[in-house]
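Asks: Here the structure of chain P is known, so what remains is to put chain Z in place on it, guided by the hints.
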Amino acid sequence: MKTILILAITALVATSPVWAQPIQTGSTSAGSIQTGSIQTGSDQYKQAMSQAISTMQSRSEKSPVSDILASANQFERIANAEPKEWLPRYYASLSYVYLGFMGKDETEKDKYLDQADKNLKAAEAIAPDNDELAVLKAYIAQSRMVVDPMNRWQQYGPLFQAGLEKAKSLNANNPRIYVLEGSSLMYTPEQFGGGPGNACPVLKQATEKFSTFKPANDLAPMWGQKQIEPLLAKCK
Amino acid sequence: MKPVYFLFLLLGVTLSASAQSTLTGRVMDQKGRALPGANVFLQGTYDGANTDSTGNFRFTSAKDTATLLVSYIGYEPFSKKISIGQSTPFTIRLTETANELNTVVITAGSFEASDEKRMTMLKPMDIVTTAGANADITAAMNLLPGTQRVGEQTGLFVRGGSGEEAKVVIDGMIVQNPYFSSMPDLQSRGRFQPFMFKGTSFSTGGYSAQYGQALSSVLLLNTTDKTQNEGLGVSINLANAALSYDHATENSSISATGYYGNLKPLFSLVRQNMDWTHVPEFAGSSLTYRLQPSKTGMLKFYGMYSNSRLGMNFIDPSNETGKTAFNQRNGNFFTTSTYTDSWAGGRWSLNSGLSYSYDTDATTFDVYDFGRSSERLQGRAVLTRLLPANNSLLLGTEASRVTYRNAVAGTQYALHDNYGAVFVESQTYLGRNLAVQLGLRGEYSSVISRFNLAPRISMAYKTGTFSQVSLAYGQFYQTPDYRYLYHNTSLNYERADHLILNYQIIKNKRTFRVETFYKNYAQLVREFTGQPHDANPYRFPIGRTDNSGNGYAQGFDIFWRDQKTIKGLDYWVTYSYVDSKRLFQQFAVAATPTFISNHNISLIGKRYFEKISTNMGLTYTISSGRPYYNPTNENFLADRTPMVNNLSFSASHITRIKKNLVVLYTSVDNILNTHNVFTYRYTPDRNGGPGQTRYAVGPQSYRSFFVGGMIMLSKKAKVNVNDL
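The listed protein sequences correspond, in order, to chains P and Z. Going by this note's numbering, 151 is the number at position 33 of the first sequence; the sequence numbering is gapless. Going by this note's numbering, 614 is the number at position 598 of the second sequence; the sequence numbering is gapless.
It is possible that part of the hints are untrue.
Partial pick of chain P residues on the chain Z-facing surface, computed with a CB cut under 10 angstroms [as the list claims (entries may be wrong)]:
#1 A166
#2 L187
#3 E200
#4 D266
Simulated coverage check for chain P against chain Z, where a stretch passes if three residues somewhere in it have a Cβ under 8 angstroms from a Cβ of chain Z [as the list claims (entries may be wrong)]:
#5 191–199
#6 224–231
Calculated directly from the structure, the hints in this document are not laboratory data. Every residue, glycine too, gets a C-beta built ideally from N, C-alpha and C.
Chain P on its own, in the form it takes in the complex:
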């Protein structure tokens, strides 16, 4: 549970939105998505998702809010057409997490994160005990905390931790667990157990996991590797 405190302190210190990791869902090129090795779903579903995911990949934290919102809408529309698929809800929720970092004030950030929560809940109803959803849950908790760290770490710190722990218990090889854990440690001052010394082993763990991680299909979440590259550069 030490992370809880660490996060709190980190969040206090975080003046720039260091938490807003680059919005890049794919680890490599978007092209691979086009190759159809998906096991489930109709062609229309695959095509719509591939298109929506590649649109999302073309965005960055510098994109206007309306573009990210358009992506979120796009995924919500696919979710509406495919009520048995959890991935559209997952990506919709993830888009709202990014919006949560971009909102102009606390109220707006919370509004987006409420929407992230809604989509997460819908996804969990379709796919309970899914490690990616547990990671996403932790991500949302972290975003909530960053909105007002001083007052929120008590509530959301444990949720962040619980999300990561649940994800580990479901699939300890999911690299995104270590992406979230490591990047939060990186921005934590050393005297609170953070700093490069503590973050780098976790980030390296993330890199190792990425090298062996095989996404379930071409639409499955693949983000994380690029985000930690600038952090890993500090690990020399």
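Replies: Chain Z alone, transformed into the frame defined by chain P:
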């Protein structure tokens, strides 16, 4: 005409090519403003689009009929069955969803600290990080508007009310002994640690029909749902040493604490104004267990036991030596368990609880036995039905059996009271801007064999995006003090009527709140002794009593908090004004009671210093003088003590020692070493004596300091914020 022609052509081509129809339209809010980025689509299909920057949308569909869905963040979703052949554009107006910003909240009389609600003026952290509060909930509340600081007495003195008129309620259950046993002329701390609670709501009047038996105030404390620590923690400071253990599993958690305290180390460093014969010594333990048996249910059990011992010679003008020996051993047992659950997607919810407490003081004044004990068994159940549009209806009942026992210089008194209450309360929203809460509470007390029926009403109106006004009126009853009831059980309830008007504006991390009130006191107990006024605070009532007393309190208070203007600095200012007179107790004429100070000001500042990872706070309080009884002045309670002021500082620092988390904290109270006087007392007029001499009653010590620290020994340890 060219573009139109072109459009038609294009449309015709698409139609013929794929037999698809085009849907167009515009999405707006109720005021007709465009909503860009809204999601427009047909249910169960891939057909849909986002609205553009002017709120317009356009997409095609091969369907003939479908349900058109429109969603937009912060607005109620829209759905409508449509046939797609129609060529006229759709005009869709969305309604804003009710949320904390656009919906009025009833706030008159209440001051909340909560993590769950976003629009509160305080956060639970504020209670522990405020200098001068010493992590004591009551002390923190005493810095809020509407309170009067009474240095030598225990409890909350709210808007002209005495300490007995405020009740402390944990998870709906009244706590019989919320404070450590009172000592002569010394203020006692609350028994409960601030971080047991996730939410604190302090009412300065006009409170809900859910609560009763408090003429001026209720302090509502809600316990946390899970532990925030894991593993073993050790804490040591100048007053005590404590061990804590926490463990949580998926759906349950347990916390246990044990402590031993002795004020010898502190007293050897901080000069005491008291003559201690047995330095306060205390030990205790507590156990908390929380279980989530289902997704919605929550069972909590809390139990604690503590023991304390102390002895002193306190200043007693009525004694020829000027001092009286006081000895006390206290034993306190408190347990409460609650069960909450909800059904039908939260439309029905239940809050229920059972609590038992036993408290005993073996007390002697000189050689005389003044022992006392109290016992309380209480049960409570509240059923809430949520209705559409945020409306709700609440129905509840509570019952308690309380036993008091007192020894007065050897004479034994005892009293049992069976108390029952039912209450109903509705909350109605007339649109987003106006809310009305109506409540009714009926009570019966067996000791006086009387009923009462107390209506309560409060309403709030939103005057702007960030501001609102609230109004509250209510009748409040309280069974007379048990010391009167020992002699006279024909007394009636004491009564207070509150009228409160409140205005607040919360915007951009700045809060301004002003509240004005009028309180009318009726049926107050008066005592007729046939003797001159006796100012001895420990006297036991002996005279004839009736309910012919009355009084009033009126005033206003102001709160300003700013977390924005100076980066990193959070400060707040409160000012409370009260004017009050009463005819009660032994008063022969109406007068301002001794616990009233007309003006109370507090200035609070805190800042986190990132480089040294230290949180620092300063608090300055000023209270104007209070009346005291001067037997040589023929005007009753016409004299005033000097102003009381205090500047205090606190700091906490977080670090690691060998990978274990360590928190160090320090505080300095009364930095300026002001020799504050809380009240004056007079020696009795003795025949042949030197005449009546005045004694000053002041604080236990003047400038004082405190240091301590804690370490979490578990590898997974996290700081215990209790000790920050």
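Asks: Which numbered conditions among the earlier hints are violated in the structure presented, ordered from lowest to highest?
Replies: Nothing - there is no hint that the structure violates, so all of them hold.
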